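**Student:** full-length UniProt numbering applies: residue 1 is where the sequence shown begins, and numbers increase by one.
It is worth saying that the hints were derived from the structure and are not from the lab.
Incorrect hints may appear among the rest.
[To be verified] Across the chosen pairs, the derived CB separations fall in these ranges: (1) A14 - G97: 16 to 26 Å; (2) A78 - L4: 16 to 26 Å; (3) L22 - D90: 19 to 29 Å; (4) K11 - P35: 29 to 39 Å; (5) E17 - T93: 11 to 21 Å; (6) V39 - E88: 12 to 22 Å; (7) K29 - D60: 31 to 41 Å; (8) T87 - D46: 16 to 26 Å; (9) T96 - K11: 31 to 41 Å.
Quick caveat: nothing in here was measured; it's all calculated off a predicted structure.
No residue lacks a Cβ here, since even glycine has one placed at the ideal position from N, Cα and C.
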Amino acid sequence: MFGLMVRFTCKDEASAEAFDQLVGETIEKIRDGEPGTLVYASHRVDGQPLQRIFYELYRDRAAFDTHEEQEHTRRFLAAREELLASTEVDWLTLQTGKGTAG
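Generate coordinates for the entire structure from the input sequences, incorporating the hints supplied.
**Tutor:** Structure follows, in structure tokens:
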């Protein structure tokens, strides 16, 4: 299993709204066309209206690489730049957990 957690900080409220719309469009395509993407979840952060956290789990590194090559992912990566003040990525190595077998 391969994963990452990303913290996005939007520039302002209008950017946050546009970012959320972009995320919704992108996740729909991930849900429908990426069987190797096990979890791709976008979260709002309580008390931080401009922040979003993504939690992503992939079957393996190859599934992540396939995700990165998709047209909807490339569109998301390009379009998000004008909406964000910062991006922080934590790459994850599974230690143990529930629902993580296979």
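**Student:** Hints first: check each against the structure and report whether it holds.
**Tutor:** Hints, one by one, checked against the model:
1. A14 - G97: 16 to 26 Å: violated (37 Å)
2. A78 - L4: 16 to 26 Å: holds (19 Å)
3. L22 - D90: 19 to 29 Å: Once the Cβ atoms are compared, 22 Å apart, the range 19 to 29 Å for D90 and L22 holds.
4. K11 - P35: 29 to 39 Å: At 34 Å between Cβs, range holds.
5. E17 - T93: 11 to 21 Å: Distance hint for E17, T93 is violated at roughly 34 Å.
6. V39 - E88: 12 to 22 Å: With a Cβ separation near 19 Å, V39 and E88 satisfy 12 to 22 Å, so the hint holds.
7. K29 - D60: 31 to 41 Å: violated (20 Å)
8. T87 - D46: 16 to 26 Å: holds (20 Å)
9. T96 - K11: 31 to 41 Å: Cβ of T96 to Cβ of K11: about 38 Å, so the range 31 to 41 Å holds.
Violated hints for the displayed structure, listed by number in ascending order: 1, 5 and 7.
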